[in-house]
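A.B. asks: Chain residues, written in single-letter form:
There are 2 protein chains.
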Amino acid sequence: MRNSYTPEEQIILNKIGKRIRFFRLESGLSQEKLAFACDLDRTYIGSVERGERNIAVINLCKISSALKIDSYQLLKTEE
Amino acid sequence: MRNSYTPEEQIILNKIGKRIRFFRLESGLSQEKLAFACDLDRTYIGSVERGERNIAVINLCKISSALKIDSYQLLKTEE
Numbered sequence: 030m031r032n033s034y035t036p037e038e039q040i041i042l043n044k045i046g047k048r049i050r051f052f053r054l055e056s057g058l059s060q061e062k063l064a065f066a067c068d069l070d071r072t073y074i075g076s077v078e079r080g081e082r083n084i085a086v087i088n089l090c091k092i093s094s095a096l097k098i099d100s101y102q103l104l105k106t107e108e
Numbered sequence: 030m031r032n033s034y035t036p037e038e039q040i041i042l043n044k045i046g047k048r049i050r051f052f053r054l055e056s057g058l059s060q061e062k063l064a065f066a067c068d069l070d071r072t073y074i075g076s077v078e079r080g081e082r083n084i085a086v087i088n089l090c091k092i093s094s095a096l097k098i099d100s101y102q103l104l105k106t107e108e
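Protein chains in written order, with the working numbering: chain A, 30 to 108; chain B, 30 to 108.
There could be a bad hint or two in this list.
If chains are identical, the list can't say which one is meant, so a pair holds when it fits in one copy or spans any two.
To be verified - Below, simulated SDA-like cross-link-like pairs (lysine to any residue); rule was C-alpha separation at most 20 Å, straight line:
{"no.": "1", "residue 1": "Lys-91", "residue 2": "Glu-37"}
{"no.": "2", "residue 1": "Lys-44", "residue 2": "Asp-68"}
{"no.": "3", "residue 1": "Lys-62", "residue 2": "Pro-36"}
{"no.": "4", "residue 1": "Lys-44", "residue 2": "Phe-65"}
{"no.": "5", "residue 1": "Lys-105", "residue 2": "Ala-85"}
{"no.": "6", "residue 1": "Lys-47", "residue 2": "Glu-81"}
{"no.": "7", "residue 1": "Lys-44", "residue 2": "Tyr-101"}
{"no.": "8", "residue 1": "Lys-97", "residue 2": "Ile-41"}
{"no.": "9", "residue 1": "Lys-97", "residue 2": "Glu-37"}
{"no.": "10", "residue 1": "Lys-91", "residue 2": "Glu-81"}
{"no.": "11", "residue 1": "Lys-62", "residue 2": "Thr-35"}
{"no.": "12", "residue 1": "Lys-44", "residue 2": "Lys-91"}
{"no.": "13", "residue 1": "Lys-47", "residue 2": "Ser-59"}
{"no.": "14", "residue 1": "Lys-44", "residue 2": "Ala-85"}
{"no.": "15", "residue 1": "Lys-105", "residue 2": "Ser-94"}
{"no.": "16", "residue 1": "Lys-91", "residue 2": "Glu-61"}
{"no.": "17", "residue 1": "Lys-91", "residue 2": "Ser-33"}
{"no.": "18", "residue 1": "Lys-105", "residue 2": "Ser-33"}
{"no.": "19", "residue 1": "Lys-47", "residue 2": "Asp-99"}
{"no.": "20", "residue 1": "Lys-44", "residue 2": "Glu-78"}
{"no.": "21", "residue 1": "Lys-105", "residue 2": "Glu-61"}
{"no.": "22", "residue 1": "Lys-91", "residue 2": "Pro-36"}
{"no.": "23", "residue 1": "Lys-105", "residue 2": "Ile-87"}
Quick caveat, the hints were computed from the structure, so don't treat them as lab data.
Using the sequences provided together with the hints, build the complete structure.
C.D. replies: Encoded structure:
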């Protein structure tokens, strides 16, 4: 897995990963159930939540749909 | 250039491309000037605006920083 992000980039990825995790837990979903709901791999969801992936918008939208939220909420800073 | 998106995915990419274009024009920037400001290629900016790229969050944040807006605004539907 490529992991050559600048500190600034890593902050962005960590923030998004935490937002996904926050909304996933709020929905009462496991990583496995979320992965199933958005047709992605559980290990992929895990790596996104850990800030290891520069996730692209299509997967971001798949995840937000499965979490029943608007995709932009995953990029917002405040809760 | 890979262009095998589903209709739903294409709608997402078109929407984001239009949002970027909207904010770019509002800032009075050419594609070239925006590209320079965010250290990306002008042809890349063009292809994102045309909905041809599944842009990842790091580039989305580079573009929003250069446009002096919050990245989540590029995913919002309303103006």
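A.B. asks: Please sort Lys-47 with Asp-99 into within, between, both or neither, judging by C-alpha distance up to 20 Å.
C.D. replies: This pair counts as both: shortest intra-copy Cα distance 16 Å, inter-copy 18 Å.
A.B. asks: First find the shortest C-alpha distance between Lys-105 and Ala-85 inside one copy, then the shortest across copies, and answer within, between, both or neither for a cut-off of 20 Å.
C.D. replies: both (16 Å within a copy, 16 Å between copies)
A.B. asks: When no copy is named, should Lys-91 and Ser-33 be tagged within, between, both, or neither for a Cα gap of at most 20 Å?
C.D. replies: Classified as between: cross-chain Cα gap 16 Å, same-chain 25 Å, threshold 20 Å.
A.B. asks: Can you give me the call for Lys-62 and Thr-35, within, between, both or neither, at a CA distance of at most 20 Å?
C.D. replies: Neither, since 32 Å and 23 Å both go past 20 Å.
A.B. asks: Within a copy, between copies, both or neither: which one fits Lys-97 and Glu-37 at a CA-CA cutoff of 20 Å?
C.D. replies: Between. Shortest inter-copy distance 16 Å satisfies the 20 Å Cα cut-off; intra-copy 29 Å does not.
A.B. asks: One pair to classify: Lys-62 and Pro-36, alpha carbons no more than 20 Å apart. Within, between, both, or neither?
C.D. replies: Classified as neither: same-chain Cα gap 31 Å, cross-chain 25 Å, threshold 20 Å.
A.B. asks: Since the copies are identical, ignore which copy is meant and state whether Lys-44 and Asp-68 lie within 20 Å (CA to CA) inside a copy, between copies, both or neither.
C.D. replies: neither (23 Å within a copy, 22 Å between copies)
A.B. asks: Between copies, within a copy, both or neither: which fits Lys-44 and Ala-85 at Cα up to 20 Å?
C.D. replies: both (15 Å within a copy, 14 Å between copies)
A.B. asks: Between copies, within a copy, both or neither: which fits Lys-44 and Phe-65 at Cα up to 20 Å?
C.D. replies: Answer is neither; intra-copy 23 Å and inter-copy 26 Å both fail.
A.B. asks: Under a CA distance limit of 20 Å, which applies to Lys-105 and Ile-87: within one copy, between copies, both, or neither?
C.D. replies: Close inside one copy (17 Å) and across copies (14 Å); limit 20 Å.
A.B. asks: Between copies, within a copy, both or neither: which fits Lys-47 and Ser-59 at Cα up to 20 Å?
C.D. replies: Result: close within a single copy only, 14 Å intra versus 34 Å inter.
A.B. asks: Could you place Lys-91 and Glu-61 in one of the four classes (within, between, both, neither) given a Cα distance threshold of 20 Å?
C.D. replies: within (14 Å within a copy, 31 Å between copies)
The structure is inconsistent with the numbered hints 2, 3, 4, 11, 18 and 21, although it conforms to all the rest.
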